[in-house]
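Asker: Residue strings, one per chain:
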Amino acid sequence: MRKLLVIAAGALLLTISLAWWFSGRQPKPVELIPTLTNQPEYCISCHADVPEISKSHPVKTFGCVSCHGGERLALNADLAHSTMRGGKNPSDLSVVEASCGGSNCHSGSEAGNNDHIQRVITSIQSTYAGAIANVRFTFGAQTDMTAHFGITAITNAQTQSDITSLAAFDPASESNPSIQKFGANCLNCHINATPREGDVYARQTGCAACHATGKHTLTTAMPYTQCNSCHNRGNYDLRTMTFVERADHPTSRLQDYYQPIAQFTKCEYTLDCVDCHTRTEAMGDGNIHSNKKDIQYIQCKTCHGTPTELPLTKTLTDPNDIAFKLAFLNPVVDLRLGDTILVTEKGEPLWNTSVQPDGTYTMIGKATQQHFTFKPVMGSSCTQNGQDQSSAYCHECHSVQR
Amino acid sequence: MPEISRRDFLKLTRDGFLYLSGALALGGLLRFLSYQTEPTPQTEFDLGQAVDFPLNSRTLLADIPAVLLHTESGFSALSLVCTHLGCTVEQKTDGFTCPCHGSRFTSDGKVTHGPAAKPLRALRVEVTDQDTLKLFTA
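Chains as they are written, first to last, in the numbering used here: chain A, -3 to 398; chain B, 20 to 157.
With the rest of the complex left out, here is chain B:
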């Protein structure tokens, strides 16, 4: 086995350190550049075919959270975010109740019992040309 000179050893060590540093720095740069910021909260939701929501139906959309109403006058939606402090209200037979502080709302969102003072927010629903529904929360 050939002997390595002191000079070569130092050169090899220096180069090794530099290459490793470069690789780590490049990795850090790539990690920095590839950082994914949190997506902006969704404000537009495709609900699918309108025919899937028959007349006089009330459909709970828990992920939004909202309830989709189909009446004689068309499609509408109510936000299920309580107007007091923002808890998600629960659907009951006679309307909605907030599990956090007890506010109650009629089935069309009007306040019947505080502490909430404002009605549940009405959300915009659009029927597209393809007869699908889009709901907008903002």
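Next up, chain A with everything else stripped away, as it sits in the complex:
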């Protein structure tokens, strides 16, 4: 009996000691009350060292929970993380509306230039509709090149294109083995796909696929390497429906930017992709398209003009011009009212350019902050037909040898 009492007392002591030990392991609670939510959260008790994600999303204002979800009052890691949206990536398109949406944030209006989510979800980079339509057409599963399928089913009643919806592409329901193989091997490049293994393919999904260039960092100044986690890494072989990695091992920007088979000019590898390609090209215009060519429209003439025409320009007179918003987000230029910049044929501002009094143009690299000066084609010895302006024509004379 006495022995049992000793064992019971020992068990009691052990239980209480373990309770002390576990409670001592809990982090000391550090409270943050973000001004946006005005609700206390304890995430920074453990995550005080996480860097500010961007100047537009300060932790003091947003906190962690409004983007990431999670249990804001929990000090136990498993419980705190149990309801996080998208795991470590709240911008994954499956949860992006809850994380990044809202009319004041990224699912606002076209007029307010903050309808990012609607545009991205319908964009070619998200639907992969062009590749799917192309392959299905090639192997006889459809009779035209119009997109009928996307990675996920989407409907867009407000679309200004002919396509109002896409059904979800289901490779298993396809009868052609090549299309089935395409489904199994070739769906790594849309922005919601898990990337291929390897450092050169490393990226996240959703918005972060393009905008997250480091640990907990969002930027609009994406270097070409971010784009190259999908682009220029190799080719899909349509005979075997497999991805063939590029075989070279580039050590310089000149070698790395494009695949060995590519032709390109000096500006195409010294600039970053985002210096020329616009937000509409990259994130879509809110319409469903059947092909990349329907949305990608920047050509050499956008900046250089043709032998008979100067490039389009615009003098900034409206303080609410989108050019100022874009320059605010990535202040590599001090854009002011009265400045004249280049614009695309759709009126999108190339806000990192300026027209100089002597008729030349400048561009500041969005990611590199390098200063570039260039001239219009007009007045030069170029005799290229003004109608033939795809890059292949310009490469005839201006391609770089490597």
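In case anyone wonders, no lab produced these hints; they're calculated from the structure.
Treat the hints with caution; some may be incorrect.
[Claimed, not checked] Distance ranges between label pairs, derived from CB positions: (1) A:L75 <-> B:P73: 51 to 57 Å; (2) A:Q366 <-> B:T151: 52 to 58 Å; (3) B:L79 <-> A:G355: 45 to 51 Å.
[To be verified] Taking lysine-lysine pairs in the DSS-like style, the calculated list, with each CA pair at most 25 Å apart, reads: (4) A:K342 <-> A:K289; (5) A:K262 <-> A:K289; (6) A:K371 <-> A:K262; (7) A:K310 <-> A:K371; (8) B:K129 <-> B:K111; (9) A:K51 <-> A:K211; (10) A:K56 <-> B:K111; (11) A:K321 <-> B:K137; (12) A:K321 <-> B:K129; (13) A:K321 <-> A:K56; (14) A:K288 <-> A:K262; (15) A:K56 <-> A:K211; (16) A:K51 <-> B:K137; (17) A:K177 <-> A:K288; (18) B:K137 <-> A:K56; (19) A:K342 <-> A:K310; (20) A:K321 <-> B:K111; (21) A:K211 <-> A:K84; (22) B:K30 <-> A:K56; (23) A:K342 <-> A:K371; (24) B:K111 <-> A:K51; (25) B:K111 <-> A:K(-1); (26) B:K129 <-> A:K51.
Here a beta-carbon is modelled for each residue, glycine too, at the ideal position from N, C-alpha and C.
Based on the hints, put chain B in the right spot on chain A.
Answerer: Okay, now just chain B, sitting in the frame of chain A:
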């Protein structure tokens, strides 16, 4: 040294365990009872003597954050919390600018440039009987 009997040893051990358990449990109870909850955010601020804020002065109160204005019509204050998403706006020569999303406000808080749609919030300022100033954020 006197030998301890097995019975006494077991008794001593049992009592030791029980006393230690009791002490730990009491410590836990005291720790639980003495837990300090986070104080409620302050909504009332003593700004000091009114004479310290001369006529036509604009005083930045970074900790609140607010700006105190002293004009011919008396004391007033503007919250420096941006009405778009809650960032703290910065004082410029011609008004206020939000460093997060670029909203701009005139020096009296009106919106001149979005995305903010509402003016900066006016805060209540009272002059006490002792000629000190109190600012209220709620």
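Asker: State for each hint whether it applies.
Answerer: Hint check:
no. : hint                          : verdict
1   : A:L75 <-> B:P73: 51 to 57 Å   : holds, 54 Å
2   : A:Q366 <-> B:T151: 52 to 58 Å : holds, 56 Å
3   : B:L79 <-> A:G355: 45 to 51 Å  : holds, 46 Å
4   : A:K342 <-> A:K289             : holds, 15 Å
5   : A:K262 <-> A:K289             : holds, 23 Å
6   : A:K371 <-> A:K262             : holds, 14 Å
7   : A:K310 <-> A:K371             : holds, 17 Å
8   : B:K129 <-> B:K111             : holds, 14 Å
9   : A:K51 <-> A:K211              : holds, 15 Å
10  : A:K56 <-> B:K111              : holds, 21 Å
11  : A:K321 <-> B:K137             : holds, 19 Å
12  : A:K321 <-> B:K129             : holds, 19 Å
13  : A:K321 <-> A:K56              : holds, 22 Å
14  : A:K288 <-> A:K262             : holds, 24 Å
15  : A:K56 <-> A:K211              : holds, 19 Å
16  : A:K51 <-> B:K137              : holds, 22 Å
17  : A:K177 <-> A:K288             : holds, 22 Å
18  : B:K137 <-> A:K56              : holds, 21 Å
19  : A:K342 <-> A:K310             : holds, 12 Å
20  : A:K321 <-> B:K111             : holds, 18 Å
21  : A:K211 <-> A:K84              : holds, 11 Å
22  : B:K30 <-> A:K56               : violated, 58 Å
23  : A:K342 <-> A:K371             : holds, 22 Å
24  : B:K111 <-> A:K51              : holds, 18 Å
25  : B:K111 <-> A:K(-1)            : violated, 79 Å
26  : B:K129 <-> A:K51              : holds, 23 Å
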